[in-house]
Each structure stands twice: as C-alpha cells, then as structure tokens.
Amino acid sequence: MTYRSFGVLLALVLLAGCHQAPREQASPPVTLVPLTHEQWQERIPAYAGNIVVVDFWATWCTPCVERFPKMLAMSERYRDRGVRFVSMCMEDRDDHAAVAGARRFLSEKHATIDNFLLDEPLLDGFKSFNLLSIPAVYLYDRTGALTARLTADDPNHQFDESDVQSALEAMLER
Amino acid sequence: MKGTLAASICMMLMAASASAGQYNTVLDIGDAMPSFEKLPAAAGGTLSSADLKEDIIVLVSLANHCPWVRGMDGDLVKLVDEMHGQSVRVVGFAVNHREEDRLPAMKKHAEDVGYNFTYLYDDSQALGRSLGAAHTPEYFVFDRARKLVYMGALYDSPAKMGSDGKPHYMNGPPKQLYVRDAIVAALGGKSVSVAETSAPGCTVEYER
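Sequence order for the protein chains is F and X.
Going by the numbering used here, 131 is the number at position 131 of the first sequence; the sequence numbering is gapless.
Adding 1000 to a residue's 1-based position in the second sequence gives its number in the numbering used here.
Worth flagging that the hints you see were computed from the coordinates, not collected in a lab.
Where hints are given, some of them may not hold.
As the list claims (entries may be wrong) - Distance condition first, Cα-Cα at most 27 Å in a straight line; then the derived DSSO-like pairs of lysine-lysine: (1) 1038(X) to 127(F); (2) 1166(X) to 1108(X); (3) 1053(X) to 1078(X); (4) 1053(X) to 1038(X); (5) 127(F) to 1175(X); (6) 1107(X) to 1078(X).
As the list claims (entries may be wrong) - Just so you have them, the derived chain F footprint on chain X, three or more residues with Cβ under 8 Å: (7) 1023-1037; (8) 1160-1167; (9) 1173-1186; (10) 1198-1206.
Using N, Cα and C, we set each Cβ at its ideal position, and we do this for glycine too.
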C-alpha cells in the first residue's frame, strides 16, 4: 500500500467515525413516561411557543404501528420550525407485556420524541381525550389550544399523514 | 393553507355537531336499514338484505385482527345462542382491505372462534359506510320495520383481548347488556331504553 492510498483510507475511516460519533452522542434515550389526561393538560404549557402534534397509538392498533415511522420522519422534518411531536401510547397499563412491547417498539424505532403512556384505565383515557378509537392525531397551537383533531370516526372523512402535514403547514403560516 | 386549516377545524366541528347520532356520523335512531346485495359469506355462499326474514336484525361490524373484537367474540357467540329459537338474525360483516381481515382469514377466524352467525365480507365497504360503522366491534339493531333501534357497543364494559390471550373487561364484569336489552325490547314491541352508546375499539380502515 502506498503512502497516498494509506492516507485516503485513513481519511475515509476518520470521516466514517466523524459521521457516527456525533449522532450517537446527540441521540437522547428513548423514554416512555406514564401520564394521565389531567397531567397532560398540566404539561401542555411546558410546550408554549411550539406547535404540538400528539400521535395517539398502541401496539394493538395495526394502522398506528404502520404510521408511526412516518410521524417520526415528519417530526425530523419540522424539528427546526417550532414543532414538537409527542406520542401518547393508549396501551392497557395493566397489560404489562403490552407495555413492554410498546417500550421495545419505541426503542426499535429510535423514537426520541416525548413518549407518554396513558396512566389511567384505558376507557377513562379514551373518554377524557374524547377518543373512540386510534389512530388519532391532535394538534395544539403555540398557546396550547387544541386546534385540529384528526380521527377516523367518520367513514367518509378519513385522514392520513398528508392531512397532518396540511394542518401543520396551515398553523405555521398563521 | 389557511383554507386547509379552516377545513380541518370545520371537520372537527362537523364531527361534533353535524353527526347523525351522538357518536355515529351517518345514521340516527329510526333510520332505515341499508340494503346490501349478494355479499360473500365466510362459510360460503352469499347473502342479501332481502334474504333476511327474521323480525329483528343485528348487524355487527367486525375485524379479525382487532383485539376488541377477539375480546368480545365469546360473548357474541353466547348472545346468538341465547337468541336461538327467537326471530332474531345476527349478521357480522367486515370491510377492511388488509389480508388478515379478508375472506380467507375470516373463514379461519370464524371456525376457530365458533361463530354461529353469518359473517360477510364487503370489499366495496359500502355497507360499513352506509351504517357509519367507524369501529369494530360496533352493533346495529333493527326492528320489524327495519328501523334502527340501537347502535353502539355490546355492553357497558368492552372486552379487549390481552397479551395473555384472555379477554379483559375494561370496566369489570358487564352490567348493562345494551344489545341484548335492545333485542328483547324490539321483540316485545317496546322502545329501547338506551338507544345509542359509544363503541370504543379498533378503527375501520376505509379507503379515501
């Protein structure tokens, strides 16, 4: 090996190292914080100044699981625009295997957003969040007011990520 | 974009105020039963609404993959058994397009669980849309005049299949058996005391 080719190889190795090291250092741990609806209401002011997108999901909800990576990707795209994505896991808190599965899923997806676990009986949570089923996405404006509520409760008005994005863009333009 | 947000907000308001029922966005109590034509059944053959001759018809929105369906499957089978000999017909239907909810999987699920009622698949999703069936499981009870007398959950404590493979009642043992009570009232020509309830469960996945 010539000095020149050794130099090129060394540079490539260093570049690869530079590419990975900051990412590992910058990645916060994946967390899943138990939270009641009341505690969520108390927590909203902590996001003041940001638009907050809440993705309601659970491992038992197949379309939620399929949609989750797309929401994470959207979170990355809007990170620098004053938008915070939050996940609210609607698992039965007493189903410990399911909760463990939710933690595993979040880790596998490198979900470093704020992840919350509904910490009250599931139906109580559905009721207090005004949900009948998931997936559902709620958007709060910069003052913490619930501005858009996307659900699948109407067979003739379903939503997908494009609707979340449209609602977000509209809020950002206000 | 402002128009899009206005549309989103408008959708919120519509969902809250323009619903046909309290929870259902299409049907209200007293509405006529939607008709359906030659829908394929999991057990073979087809069924049309015109084929239904019983006094009381119960349509149930189902999906094999849904743990809220699998949690209450056993109680639905018991209800059909209990109504044996009465002029009551229970018809389950599924409209999701994912493979685990289509006919071959429906046939297997019906056999595994012991479904004792006709289980139809509607690829067009028209039956679900015309009922406003947004969740599974969700029940619709029609009287002799084929008018809707009840829609919503089976009972006041929806059962969800847990990770342990056992059904778990979310509010403890059911106390109010909404569908059973509606059937009994309709059979007796009486009004149904609780005509609409919310039906928490899985989302029905309609094509946009």
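Quick check: which numbered hints come out false for this structure?
-> Hints 1 and 9 contradicted; others consistent.
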